[in-house]
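K.L.:
Quick note: the sequence shown uses the working numbering, first residue 1, plus one each step.
Calculated directly from the structure, the hints in this document are not laboratory data.
The reader is advised that the hints may include incorrect statements.
With beta-carbon atoms standing in for the labels, derived distance ranges [as the list claims (entries may be wrong)]:
#1 81 to 30: 42 to 50 angstroms
#2 168 to 104: 42 to 50 angstroms
#3 149 to 79: 30 to 38 angstroms
#4 15 to 140: 37 to 45 angstroms
For each residue, glycine too, the CB sits at the ideal point set by N, CA and C.
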Amino acid sequence: MSLDGITEEDAQLRQWLLNEAEERGNAVVQVPQDEYGAPYCFSVGAWRRFGVPEAVVVGLPEDMGPVLVNAYVARARSGERFRPGRLYDDFFDGVPVAVERVAKGHYPQFLGSAFLLYRTGDFPAVQLITPTPDGAWPWQQQAPDGFAAWQPVLTESGVPESWTPGVDGP
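Could you build all of it, start to finish, from the sequences and the hints given here?
P.N.:
Below you can see the structure in the form of structure tokens.
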């Protein structure tokens with residue numbers, strides 16, 4: 001299949017994304033840590049297959065991010081729906097997860113390959129946010145120095161927008 005305006009490499013990546021989504025329910029694209037920031041990963045195909053937002057995880061160890069994304073998609077495949085602004089204490093193996101909408105302005109950087117499936121960028125995305133092992137969230141004062149930069153909140157403001165921290169959310 002040929003799409004105007006994309007390279008052969010992008011066409012191959014698009015086909016891989018489609019195949020993974022058909023076979024597994026989603027593809028997980030991983031971006032390693034570099035001089036610009038933390039590692040991150042994201043789903044591609046969850047919106048197409050299950051009608052749920054794509055998910056992005058920033059700042060977890062590279063072997064853990066995909067596990068979290070795949071757990072999200074597996075739960076969505078079985079019918080569960082995740083609401084932004086909600087804390088899921090039992091999300092995965094005792095790890096709490098807060099869900100937040102991703103602002104469209106972050107899509108090119110954090111969901112870039114998804115545009116190969118959703119050419120207009122018309123798809124929803126959520127961020128799965130985890131605390132430190134001690135329970136500090138990136139936006140909290142007690143978070144370690146640099147944690148907010150390591151796991152940025154991908155809203156327009158850079159802080160949770162679907163809830164008020166400490167009032168109706170973590």
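K.L.:
Now tell me if each hint is right for this structure.
P.N.:
Results for each hint:
1. 81 to 30: 42 to 50 angstroms: violated, 25 angstroms
2. 168 to 104: 42 to 50 angstroms: violated, 24 angstroms
3. 149 to 79: 30 to 38 angstroms: holds, 36 angstroms
4. 15 to 140: 37 to 45 angstroms: holds, 42 angstroms
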